[in-house]
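Colleague: Take the two lone chains and join them into the complex the hints point to.
Going down the list, the protein sequences come from chains A and B. FYI, in our numbering the residues of the first sequence are 1 to 280. FYI, in our numbering the residues of the second sequence are 1001 to 1255.
Keep in mind that the hints were calculated from the coordinates and are not lab data. Every residue, glycine too, gets a C-beta built ideally from N, C-alpha and C. Some hints could be false.
Stated by the list, open to error - Partial selection, computed: residues in chain B whose CB lies under 8 angstroms from chain A:
hint	residue
1	1157
2	1162
3	1164
4	1241
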Amino acid sequence: MSDTPAATDTAFVDFRKVWLAYNDDLHAKGIFAVEDINLQVQQGEFIAIVGPSGCGKSTFMKLTTGLKRPSKGQIFVDGKQVDGPLKISGMAFQAPSLLPWRTTLDNVLLPLEIVEPHRSQFKAKRKEYEARASALLASVGLGGMEQKFPWQLSGGMQQRASICRALIHEPKMLLLDEPFGALDAFTREELWCTLRDLQAAQKFNVILVTHDLRESVFLADTVYVMSKGPGRFVVKRHIDLPRPRDLEITYTPEFTDIVHELRGHIGAMRKTGASAAINQ
Amino acid sequence: MNRKQQEAWAPWVLMAATIILWQIICSAFNVSEFIFPSPMRILEQTIEHSSTIAGHAWRTFWVTMVGFAIAIVVGVLLGFLIGSSRLAYAAMYPLMTAFNALPKAAFVPILVVWFGIGVGPAVLTAFLISFFPIMVNIATGLATLEPELEDVLRVLGAKRWDVLTKVGLPRSMPYFYGSLKVAITLAFVGTTVSEMTASDQGIGYLLISAGSSMQMGLAFSGLLVVGVMAMLMYELFSYVEKHTTAWAHWGSQGE
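Isolated chain B, as found in the complex (with noise of 0.2 angstroms):
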């Protein structure tokens, strides 16, 4: 096995041994499955629910979905008019910094008032936690343009516009698929924690009623699930970025 294949099985394989080593520590000491479940009983559970957290899970990606659609779409406009212009970047990133200090589940209690208990609040907080990085991320891409390349378009009687489309945004595409796969794993962050208290479906609330009535295996499969989606979607994105913007990792692997 050379040094390539061995670092493709290395999380599975810690996966796998963490798993083996979390259900040995469970059986040996009869740990109880009301404080700790064991990998196997939280399998059980699972199986045994599964239509019922196939149910939440779908409607938990669905929401992540909708709210990350509005956060690619308002952080790029956002990242575009930040990155393109000094003024707006002088004015507004000390206020988007702020606001990203913020922590989003704040928010929650809000929309629920605005929005009522359902998909409004956990739609609104998923966009809210992963526009940020998509909007920075562009804003950094079109803001880190050469002067001197610059200087060269713009003899040719290039506008503004031009450099952006033709340089700017294509520059900017690493770095946009790169936050995107940050920002699709803040997205089920947000759902998940908005749905905890301001929803009556999804993984959110399936956590919090199992844990409410002591079915710890659920709980589990609950957070199982979320990781799980949260991993495909990470590896989805990052398919994608591998495949569209190849010129941004040439140079430095070699051919």
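Bound-form chain A, shown alone (with noise of 0.2 angstroms):
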């Protein structure tokens, strides 16, 4: 019965009254991860999450690719209720965790090793994977960097190679857990604009994890801001920014304000967090 979505089938991630407590043990107790999360995601939208540290936001990412299940509540994803990991995503992390003895081709070729229907036929088409791959890295503008291993590319160009890797399967939806949060000012507004570029071409849904304001306005569709202890989403707010966007765009005023409302609610949070703190 509860397998089709019914009042929202036109929303792509679909997240119903989730909760998520990490052991029995703490679902007894009542202390949970995450709390009452509900959330619709259009296809081919870009959202970004945004809170203080230790909010769940990775838990978040875990329970939309079903490496986590919920404890309450039910999440569908595609149409599907998610029971088990979930093929049609890409993630990539904050540590581009490249493996140092594949060169960078042969990293991003992984994912494909793995996941099904092309695990079986890797051997046949390895020829054509490898030009899927050659064509994705040079998207990235990492073309004739294919035969270089992970020591020899700086930080932002290992986490251009991660990215490509996160979306050699051509995934629906890509999960992105700070992925620039390592890399300076400079390289992280180029890999805004890959992502942005990435993402306009393919379509494919992103979620995106971040401590940035700034990165969240600027990419994201929709930004959620979420609250820490229990994690729940406190705020939703539409980017109604128009595409493409231009870096330029983030010395507007428009721009500047939404991020300073954003600030507004992180900051009001962190106020009564504080304050809760002390009256304990």
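Modeller: Okay, here's the thing in structure tokens:
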């Protein structure tokens, strides 16, 4: 009965009253990492989740990809209830975690050696896959770097390769957990544009977890602000800045106003959090 | 001579200096060769008894290699088991550590009862003393997986086995080759110790019989030969390590 979404069947990602406790013990005590998450993301939508550290943003990612099951509630992705690892998703993290004994090309190809149906065709179609990986690398500015090893690449280049690895099996959903957190400001802005162009070209869904409010406003269609302990979505802010967005837009008053507004929400949350801590 | 060349020559220079000093002390104070033979005397004895020594050395060498081969097989299998399963790790690690703390020479009398004098106890002592570092290193390499990379692969439907073979095992290879260098030298210790009480052949036996007949030069020759064999094998595995898992050294040393 509950296998088919009803009211919101247009949503690509659909969280319905999702609660998660990390184990039975915490569940019994009523301590949840995330609480009462309701969320509907449309096909091709780019969402960003911002919030203080430890607010359950990463937990949210694990729920969406099916690496963790909710304690209560249901999650639907692409019309199907999530009940295990979701192969239509690709993930990248703050650490590029490329394998140092593989070339950049082989690192990008790794998912195809694992995910079906590519896995069983990998040997036969290797040439085709290599061409696909090369094209993807070229599209993020890593053309000609195929045979380089990760240690020969700069931090920003490694992160680009890591994003290529997340996209090589053409996922419908890309999950990024603070992917640009360890990069310098200029490289970070370059990669914003890379990500913006990839998403504009391929129209996959993106869920971006970040600390950086400017990043979230520049890239996302919708920004969600998450509160801490327990993790809840407290603000949903639609970003109606026109696309395609240029980096220049980050210096306009409209942009700055939105960033300020979000900053206000987080500041208020931190204050109440702090006073709650004092009252205890 | 640049710094790199200096470093390459340093061990040879130190060794030569030690031998010369040793010779000078022996000659100057006229030390009896029954107490502490001079390098010259050891060299003479080595040449005089070269065929005997070669026979014993060959025996020690192949016995060590057999024990070491068993150690690699058992060490890799146990390391794989411990490194890939948290339960196996929890169950076995304390026991293995306790076992490793036992002096392996103490096993020799027991092995003699089970296998008699000869090859058996020596092979097994070499094995017992050298499998532990191999096991620990394989297990460490497998257990230190980045959780994020594991997520990246698990979401694609990777089974535990995929993660182990695609990521865990290649990652543990530098640890593995590193441990071989340590393990091979330990294996020589195991064989020699065992031969000293439980064999009628091998360098260990040579040491005991030379000592009991006051042929100190010959005893030192035996020590020298074991040392040289262990060092050569160490260098061999060091070479193999550098040429098979070069990626592990690249990042730190630049191009």
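Colleague: State for each hint whether it applies.
Modeller: Evaluation of the provided hints:
no., hint, verdict
1, 1157, "holds, 5 angstroms"
2, 1162, "holds, 6 angstroms"
3, 1164, "violated, 12 angstroms"
4, 1241, "violated, 14 angstroms"
Of the hints listed earlier, those the structure fails to meet are numbers 3 and 4, in rising order.
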